[in-house]
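Student: Knowing the structure of chain A, use the given hints to seat chains B, C and D on it.
There are 4 protein chains.
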Amino acid sequence: MQSGQPEDTGQVAAAGAGREPPRRVGVVVGRSRTDAVELATKVADIGRRHGAEVWRADVWEDPVVQDELPGTDLVVCFGGDGTLISGAHLTAPLGIPLAGVNFGKMGFLTEFQPEEVPVALPQLFSGHYWLEERATLSVRHSRDGQTLGEYLTINEALVGRGRVNRVVRLHTWVDDQYLTSYAADGLLVATPTGSTASNLAAGGPVLPPEMNAMVLVPVMPFVSFRNALVLDASSRVDIQADVTPAPPLHEAVLSVDGGITAPVEDGDRLTVTASSVRCAFARVRPRHYFHAMLVSKLQRGPILPPLPVNTPSPARP
Amino acid sequence: MQSGQPEDTGQVAAAGAGREPPRRVGVVVGRSRTDAVELATKVADIGRRHGAEVWRADVWEDPVVQDELPGTDLVVCFGGDGTLISGAHLTAPLGIPLAGVNFGKMGFLTEFQPEEVPVALPQLFSGHYWLEERATLSVRHSRDGQTLGEYLTINEALVGRGRVNRVVRLHTWVDDQYLTSYAADGLLVATPTGSTASNLAAGGPVLPPEMNAMVLVPVMPFVSFRNALVLDASSRVDIQADVTPAPPLHEAVLSVDGGITAPVEDGDRLTVTASSVRCAFARVRPRHYFHAMLVSKLQRGPILPPLPVNTPSPARP
Amino acid sequence: MQSGQPEDTGQVAAAGAGREPPRRVGVVVGRSRTDAVELATKVADIGRRHGAEVWRADVWEDPVVQDELPGTDLVVCFGGDGTLISGAHLTAPLGIPLAGVNFGKMGFLTEFQPEEVPVALPQLFSGHYWLEERATLSVRHSRDGQTLGEYLTINEALVGRGRVNRVVRLHTWVDDQYLTSYAADGLLVATPTGSTASNLAAGGPVLPPEMNAMVLVPVMPFVSFRNALVLDASSRVDIQADVTPAPPLHEAVLSVDGGITAPVEDGDRLTVTASSVRCAFARVRPRHYFHAMLVSKLQRGPILPPLPVNTPSPARP
Amino acid sequence: MQSGQPEDTGQVAAAGAGREPPRRVGVVVGRSRTDAVELATKVADIGRRHGAEVWRADVWEDPVVQDELPGTDLVVCFGGDGTLISGAHLTAPLGIPLAGVNFGKMGFLTEFQPEEVPVALPQLFSGHYWLEERATLSVRHSRDGQTLGEYLTINEALVGRGRVNRVVRLHTWVDDQYLTSYAADGLLVATPTGSTASNLAAGGPVLPPEMNAMVLVPVMPFVSFRNALVLDASSRVDIQADVTPAPPLHEAVLSVDGGITAPVEDGDRLTVTASSVRCAFARVRPRHYFHAMLVSKLQRGPILPPLPVNTPSPARP
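Protein chains in written order, with this note's numbering: chain A, 19 to 335; chain B, 19 to 335; chain C, 19 to 335; chain D, 19 to 335.
Chain A with its partners taken away, still in its complex shape (with noise of 0.2 Å):
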């Protein structure tokens, strides 16, 4: 990238035109490591070199988050997938993008690595972006007829065995059709966003991320139906939870994007719809970029490095 053209290059011709410049951003360090922390501060500076009014927080948790967000027109976070999903159920009911820096392992969300900071990010804050709008879910738990949460899903919604080692039963309808009973450790319901962490742990298949479309799979299904379900956007799948013998012996829970969970008793009700609201993401690659890399991320493992191979057991003495 030579001389004043930061933005002739043929990655970002093939992510299209620009756009304004974005007016407000956020800066969401994310994880507490100094090389993140002072990577913030740099961004911040081009930012506002930018002209742009940049605000700043140490973690999403931060309350100021909530206080900056509305009016914000993009915000760059440091972290990895986690971190972003994480952030997203922040930023996406705002209808504000996101653009995240690598600090993690996988990173199929990120569109940066540290590295690339230097040129990458004048390019973002002159608007030489595009957004990538992904699908939601919306998951709504139930007990005799009573609403008793209502998550927003970004990657997946799972519902299955908590502690034990026992299956679940889950009677699934799809659109109102009765599919199937599942005994299995649970049933997850996946956008094409999550399709590339736990769904693709229990087989499913992987979506592109602007595909309007969800995923159900099975996770250690016993004797059930085990290919995955693509099913349109506009699609509803009702499971009604069948957990006996009672707790403590048995429970069952849902945990959504992996960071929360309810106790599921028997008999309660998961129905999982499209969301209106649409997770978007500030890329500079080219509008292809998804299938060039999501091989060799993965095969490159989430555990890098494993153990050296002569490793003693740590039975040895």
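No copy is singled out in the list; a pair is fine if it fits within one copy or between any two copies.
SDA-like cross-link-like pairs, simulated, lysine to any residue; straight-line CA separation at most 20 Å: (1) Lys123 x Arg318; (2) Lys123 x Gln317; (3) Lys60 x Asp76; (4) Lys123 x Val135; (5) Lys123 x Thr52.
It is worth saying that the hints were derived from the structure and are not from the lab.
Tutor: Below, chains B, C and D alone, put in the same frame as chain A:
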């Protein structure tokens, strides 16, 4: 659909308002079974009583079919899913809908059981059906820049090993982005229609019949990426075969819809895109019939009945 | 079995010659079902008529069981596989064989259907049975070099996530050799007995009941090695948990035989070896009964019956 | 192995005490690669310096091999696992151990990397190795009671579809008990040696090299029992093929060790039992080497390197 008629059921109501009755109807027996032949005669009679011009053929290969198809409004076919897929290769390019009477095992595509004919066919010939339009694929096979063949694909295309049990290496691109190189028995690209066929056995997801998407799934991947990819119908998949050592030690084959095979040589390329052809089926069941029958059909299984539990081994004298 | 010719059936012949009839017999009902209770009374009567001393308890937790077990030659138990596994934790260390009458779903371990009792139990009490001896495992849970617990394992031990849907990292050694580090929902070590339980759902292989081996299989591995490992009974598996972030965001749990759970902290170690305890079952069926019933039992499925196909969705008003 | 010598390592100590040095040694190049040929010359020299009589052949198909093999104590072979499997078909029936130098990808069976030859081969020729003895299978193919062929199987036998992508129906018995009927691409019976080959891709478990067992696993089962079965080496598997419709629409094939194929007709039977032949490998690594290298080898993968991430699609002009 008028009041007081026996076919005035909720099911048909769910199928939406009627349409222009088919004026020219084909009847293709498909199976040389006496009961199918007899039922075809009955169906032709019902058609004529409803004022349709009816032509008939015993099998899809009958030259009569090619002569009579143009101008036909609907073809009723007797057989299993395989028979319907064969027929669809002829009807789909002409935009003619198919209605199948199940004489096969699964019957994912057929609309009627034989015993439903007396009640359901009058309904069909009165125009009380809706059209389910399914996406198809086009597979182009090329060598050194020359196109060797181009195949309409209703279910799936499989490129992979032939008779010898050795992995084939398949370099794969999605939308011009290098995805990965599979070492596998083969690579399958399936339509939503084909998602309940080989794709299911390969661990791929089931797609709703009318989704505009395709599935890419490896068959027996050897230490390669295992999960299926769902792709938008606008995507293009390019596959380049690496077949070493050369035949006869090794060989690769393209197999389309379980019926067409072509040898694939080292360096050959397969390009898969959505076809402009839609494969139409006439349906009288409610719009959401698919998920209501999916699992129960699958659990009934493809081998009915299996051998009795105490069947002595053929190895016994 | 009447008239002094107990061995005069193919089945019994296959079971080998008779043995000393059991002199002291326990009857454990296991299930608070009227029919089970009544049948237990009948069985106790049959036992006494065959000259056995019979003691009885309603559930395995009844203190009578611990008092009466020593010196018992055989326990007849009414329930499903879960009830038998519970009982085996008490009988196996004492070397007492179990005979199960199936009041559960699968009944992989039970020997009799309730309706077979009148004919089969006299056979059993006459000593016309053989002993199937199955391997068990010992799981030691340690922290900072201190043993926290040691568990006899009849089916399987699972170390993995608790309620929150987040992967646990599990460093794993086989025979002091570093195998790999799993990022997964959990890691399962199963006996041949447990190979038809959770292991099956995790994709593991089915082992013959009397094989001297164990199975190691990950649950929902995320980009980790997926295939199960079969290990010789002489092998030792060491697992070290890496649970970050700390609870409550994350938690790990050890679950043994679907009934015992213990919290696992970051750095905790699980060591799995063969136990010297053998779990014995009294069988009257031929030696090769296992593969004759395996698939048919599984295909009948664990939810019988599922809901009827047209069951309206609970979400419907 | 005495003190003060460079090869006096813990590794060799772990390999147990030495044995009688091999007096007659074969060297088979296997691969027509210059480096393999040169290394083979070096190895032959080392052998002669250790007092062995050495014969040499370029490929296993060389008639010299058959002439020289009888009376040979050890064969050193250069190549990958495929080359060793080919060789084992000749050496195993004569009880001659193989030592492989890896010129292939995986090298599960080879003992040495090329660069280890100068240090390791003197060790080998001094008799400091142990024998790993692996079970093999015998597959008998019969039609109408006539045996058509009988095959020694080092890795696996696959009976299944040929070129056309259609499921084959395979009725299967274990020890004369009817197991189930598979509708699948094929059915694989693998040895422990073969458990890291096709079996792995089919989802089967990895068995320790010296276990006396076999694995039965379906390939692409269509709504059939999916899990692998581990069977004792004393078991017998009978498979009867049901191939309808007849070829050319459909065909079935037996493929043994990825190199031998025979057409299978409707009604043909395959009988798989343990063979009395053991396949021996000379090893200098510790007894528990297998699990130390298993996962790291697999994760390095069979395609090294894949294409670079930005490789343009061949479809691009």
